[in-house]
Amino acid sequence: MSYMNVNGKKLYVEFEGSKNENPILFIHGAPGIGVLDFMAFQSKQLSCDYFVIAPEQRGTFRSESLGLKEEYSVEQIIEDYEDIRKQLGIKHWSIIAHSFGVRILLEYCNKYPDSIYKVIFESPVFNLMTPLKKILAIQLKVFQQNNYHNKQNYLDVLNVIENIKSFDDLNNNLKKLEK
Numbered sequence: 246m247s248y249m250n251v252n253g254k255k256l257y258v259e260f261e262g263s264k265n266e267n268p269i270l271f272i273h274g275a276p277g278i279g280v281l282d283f284m285a286f287q288s289k290q291l292s293c294d295y296f297v298i299a300p301e302q303r304g305t306f307r308s309e310s311l312g313l314k315e316e317y318s319v320e321q322i323i324e325d326y327e328d329i330r331k332q333l334g335i336k337h338w339s340i341i342a343h344s345f346g347v348r349i350l351l352e353y354c355n356k357y358p359d360s361i362y363k364v365i366f367e368s369p370v371f372n373l374m375t376p377l378k379k380i381l382a383i384q385l386k387v388f389q390q391n392n393y394h395n396k397q398n399y400l401d402v403l404n405v406i407e408n409i410k411s412f413d414d415l416n417n418n419l420k421k422l423e424k
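Counting from 246, one number per residue, gives the positions in the sequence shown under my numbering.
Just so you know, these hints were derived from the structure itself, not from any lab. Treat the hints with care, as some may be off.
Straight line, CA to CA, 25 angstroms or less: simulated SDA-like cross-link-like pairs of lysine to any residue [claimed, not checked]:
1. K410 - G253
2. K254 - G304
3. K255 - A285
4. K386 - C293
5. K410 - K336
6. K264 - I365
7. K386 - I278
8. K331 - K386
9. K410 - I335
Kindly generate the complete structure, drawing on both the sequences and the hints.
And the structure:
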């Protein structure tokens with residue numbers, strides 16, 4: 246685990262494997278998702294043959310928060326990935342993109358084609374509204390079942406979320422919710 250200063254923001258970035266191996270960037274899905282599940286389940290396997298680079302986008306999970314009037318756009322995210330590539334001295338890299346991250350990857354490919362060696366689409370989502378509607382419906386159900394419409398309960402949940410720093414933390418909190 247480490248942080249990098251990327252275009253004026255402190256981004257959380259995880260690395261796995263040897264820097265001597267071919268670099269592979271992981272682009273996570275919808276804003277806010279982070280890289281916990283990828284690092285827990287896929288990075289070790291990939292690191293046998295690749296140098297895995299998994300940043301969390303600006304304003305996401307463990308990366309520095311955004312200011313109220315700060316720009317947040319796919320274009321800015323693309324520039325952040327390109328800055329990471331340059332800082333690490335990588336000529337070109339392969340990229341795995343998950344879910345909505347595929348949209349970001351496609352735009353990155355258009356803007357920086359010479360930076361890319363190969364691409365992998367993992368469960369691509371091109372229409373973000375369909376999965377978001379499902380996620381929101383599930384979240385609403387959980388909130389109703391657990392009385393989170395009460396402001397203090399909601400703030401308690403936000404506090405729990407802020408303290409999740411690893412996959413084990415996430416798993417332990419999910420077990421608490423199931424009770």
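Hint by hint, here is what the structure shows:
no. : hint        : result
1   : K410 - G253 : holds (23 angstroms)
2   : K254 - G304 : holds (9 angstroms)
3   : K255 - A285 : holds (22 angstroms)
4   : K386 - C293 : violated (41 angstroms)
5   : K410 - K336 : violated (31 angstroms)
6   : K264 - I365 : holds (20 angstroms)
7   : K386 - I278 : holds (20 angstroms)
8   : K331 - K386 : violated (44 angstroms)
9   : K410 - I335 : violated (28 angstroms)
Of the numbered hints given earlier, the model fails hints 4, 5, 8, 9; all others are met.
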